[in-house]
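Q: The primary structure of each chain is shown beneath.
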Amino acid sequence: MKIRTFAAAAAIAALAITATGCSGGTSNSGSSDGGGKTLTYWASNQGTSLDNDKEVLTPQLKKFEEQTGIKVNLEVIGWNDLQTRIQTAVTSGQAPDVLNIGNTWAASLQSTGAFMPFDSAAFDAIGGKDKFVKTAMDTGGVPGQDPTSVPLYGLAYGLYYNKAMFKDAGLTPPTNWADMVADAKKLTTGGKYGFALAAGSYTENAHFAFINAAQNGADLFSADGKPTFTSDGVVDGISRYLDLMQADKVVNVGNAQYDNGTKAVNDFAAGKVAMILNQNNADSSIVANGMKNDEYGVVAFPAPAGAKDVASHVAGINLSIFKNTKNKDGALKFVKFMTSPETQTALGKPFASLPVLAGAKAVFTDNVEEAKTFSDIYANKSKPLPLVPSEDQFESTVGKAMNQMFATIASGGTVSKADIKTALTTAQQQVEAAG
Amino acid sequence: MRETTSAKSFRIVVIAVLTVFTVIPVYVMVISGLKPLKDVQGAFSWWPSTLTIQPYIDMWRTVPLASYFVNSVIVASAATVLSLIIAIFASYAISRYNFRGRSLFSNTVLATQMLPGVLFLLPLFLIFVNINTNFGVQLVGTRIGLIITYLTFSLPFSIWMLAGYFDGIPRELDEAAKVDGCGPMRALIQVILPAARPGLVAVAIYSFMTSWGEVLFASVMTTDANRTLAVGLQLYSTQTNVYWNQIMAASVVVSIPIVIGFLLLQKNFVAGLTAGAVK
Amino acid sequence: MSATTATKKSGPSAGPPKGKPRKPRRAGWWLPYALLAPAIIFEVVIHVIPMATGIWMSFLKLTKMFISNWGNAPVIGLKNYAVALDFNSAVGAGLLKSFLITVAFTILVVGISWGFGMAAAVALQKSFFGRGFFRTLFLIPYALPMYAGVIAWKFMLQKDTGALNHLLYDNLGLPGDKPFWLIGDNAFWAVVIVAIWRLWPFAFLMLMAGLQSIPNDVYEASAVDGAKPLRQWSAITLPMLRPVNMVLLLVMFLWTFNDFNTPFVLFGGSQPPAGDLISFHIYNASFLTWNFGSGAAMSVLLLLFLLLVSGVYLLVMNRRSKRA
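Taken in order, these protein sequences are the chains called A, B and C. Here the first sequence stands for residues 1 to 435, where the numbers follow my numbering. Here the second sequence stands for residues 1001 to 1279, where the numbers follow my numbering. Here the third sequence stands for residues 2001 to 2324, where the numbers follow my numbering.
For the record, the hints were derived by calculation from the structure and aren't laboratory data. A quick note: this is a predicted structure, and the numbers were derived from the prediction, not measured. The reader is advised that the hints may include incorrect statements.
With a straight-line cut-off of 27 Å between C-alpha atoms, the simulated DSS-like cross-links for lysine-lysine are [unchecked claim]: (1) A:K54 to A:K249; (2) A:K62 to A:K383; (3) B:K1038 to C:K2126; (4) C:K2126 to A:K226; (5) C:K2126 to A:K186; (6) A:K131 to A:K417; (7) C:K2178 to A:K185; (8) B:K1267 to C:K2079; (9) C:K2178 to A:K249; (10) C:K2061 to A:K323; (11) A:K129 to A:K349.
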């Protein structure tokens, strides 16, 4: 190998740079071919499998085609791939017309400028902003700007408990944090545990960092969008959550490896744990794993006595339109269709979602009490995750830091509040650097 | 020549240790594919509570494995054939001609091999999109895009292996053919290629294996319709369950054709691989 | 790969036909270029242009604010590099840590894989009953599709349901609690073990082929002189394998240092800091934070490092072989 040839190679590369110049993603090639007769739609995985989603959505899309003559090309994308796919779509402009996003990404995605803002004309076309539940609509984007997404499916965290295990131990469902821990301790016996947590999932961990901090009245971002992760309220909140495994020992240390909610649900359905924290779409998974609907109950995730009554973030899925769609009218029609009462009712059950339409009734379960509990959590005890462009950074940095803290605890170490603060300082610096 | 005792015990120890190290994961893969779901969710055991082939039946339903299989076969085969053809021409030029830029070419090609794939994942995606906009050829989300990507991944190593192999074929052979009135292309096809068959097999195996196993680009460049096995296997972790037994069964199924092919042809592979280095 | 070409050139049979002076513009001068054209076109489109684009991206402030219209992203010169190399900042410190982990990972994986490969090649050098069987067996990890092998390991390395802990603690009776392998500090050893498992058969394959070209009578002659096996190995085998080793070590170094697939499949979305290999780190720095400019700058730094190491390695090796 000769240095000279490397130099020559480098020179060629340099030439190529100037030659290609900026061929950036200004190109405008929505994959639907402009004729107004087709739309491309990316759906997220809401059902039990990608195929299940397809089966559920296809009849609705047929109906839409009958009504409007517009054919919808559906692709269901798993959560592992969805973010990368959206990124490449945003970057290249090779994008679907309409797509599902996790509503916590809304503000982050809005800041890319790749999505169509819903102005008043657009809202008129889909049936008005007021048709949505207000908390759900709040997740549409940064406050004070036209939102770039509208709510599609509503979700909320609840505390699922095993009725039989509670009854056998002579317990009633907890209403505050101290009760919950006491119950969990009592139920942690004979190889069973009070709790299962998805302690190895950074998104789940980030959500509970937010919820616990919110119970303490602490904000993760200042009004001007700067991260404030290191405040005492945040540190205490995370510490409280970690202590379920560390101090209270009501969580099997093995849960530090649970990198998605599925494994906790499996344990719950198998009767290995008495409680799990999950969004209401866990219902179908619990049943699929062999536990009957009347064998478990749900209450709001309790806050410590005297703290703010926040039990969940406003979770769910939003619907966005890509700005460079060549079929804006069709896309709006489709959004209107998906957020219409009929479609919402039809999809509410199979996807186990809460209604995002004002005044609509929850249909995701036949269990009246459960429906009431979740509707109450969603409408009254939920707070949106920070509506700032760096929200996604919060999830990845703080969530991953918490993964590591759980891992430390699980392998026999201890995590002090000082350790939490140090880790959050690093996370905050990373977010600042990326901003 | 008699072997000393120490050499013999060295041999036995090495073979024993490496056999255990090699075999255990393979055994776990095979046996776990024959377990019912509850076995793989509980503590590990070396033998199933009941031996079942159910995972091998269910796995086709949990994810559309068959269609991913077809995609993988098409993509890997096409990438292999194209890469082979292109490599044959390039290696022939490098091996039999002296021309300006010869070493520049080889060195640039090999320098690209040091690139972290992450660096050009996004740019490549952009280029594909630009090709689509300017020339109307759809490359993203099609098999063609993936084929083109993979064929270039294996191209540099293939060119190197083949050039080494061609060098080992006596020049007198094709010189004689040329004296007989063959053009350079006929000399290549009629003389060199038959002589280099083991090398060609080696290159084909290498290309095929590269394409069959690639994950990163496949996860970004494919859609539902053309997803390959490498990405498809991840889908066994569904919303309701992680089907470890089906994952293992599917791993066995996607491995069998390539392992058998490789083991049958390994002698060629060794020969091709080392042609350049061992002289 | 670079090494291989270089070696080939230093080999006796490479190069143009001897004794034929190069005549400018002789008939058919264009033929080699025509033969190379397809390869060049594909390499340019898939490697060279993207690489150049990537280098260009590293000078841009390419965050999510600009990504959808990145022709307009502001040029910020070397700022991305400054951030990546400022080891007092969170980003720089993270990169440095990942780099050091990768260095340790590479040294261990390449070293042990080479050792295993050499040991196996020597152990199978002499013919004995079952040799062919073991030779085939040892190649299986290399022949398995990458993700299938790594997923099997992922399953084995689970704490409570995995085969490794079962073997060590239930079967072999190690004292203490079963450890985690895929989270916490053990994750480093997990990724090292899996990478060795995948890589060593390649070393074995190359070294085995190299050994075949050493004539048997060399060993016999030295045995007559009373040389012990270890002495034979260091006096005959090792020097004779020099050309193979030179290529092998460099190729394994490059593959291992750039290894993305192993941590990606093994750890999935939640990679533990102890297994934060540099390719994976850069991937996360780009895709998780949407800061593609910064990610590109890190990739370029990685590329420069690899070029430097390979260049120095080849220079030293070539000089030594000329002396020898």
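Q: Does each hint hold? Answer for all of them.
A: How the hints compare with the structure:
{"no.": "1", "hint": "A:K54 to A:K249", "result": "violated (42 Å)"}
{"no.": "2", "hint": "A:K62 to A:K383", "result": "violated (36 Å)"}
{"no.": "3", "hint": "B:K1038 to C:K2126", "result": "violated (47 Å)"}
{"no.": "4", "hint": "C:K2126 to A:K226", "result": "violated (69 Å)"}
{"no.": "5", "hint": "C:K2126 to A:K186", "result": "violated (66 Å)"}
{"no.": "6", "hint": "A:K131 to A:K417", "result": "violated (44 Å)"}
{"no.": "7", "hint": "C:K2178 to A:K185", "result": "holds (23 Å)"}
{"no.": "8", "hint": "B:K1267 to C:K2079", "result": "violated (51 Å)"}
{"no.": "9", "hint": "C:K2178 to A:K249", "result": "holds (17 Å)"}
{"no.": "10", "hint": "C:K2061 to A:K323", "result": "holds (22 Å)"}
{"no.": "11", "hint": "A:K129 to A:K349", "result": "holds (24 Å)"}
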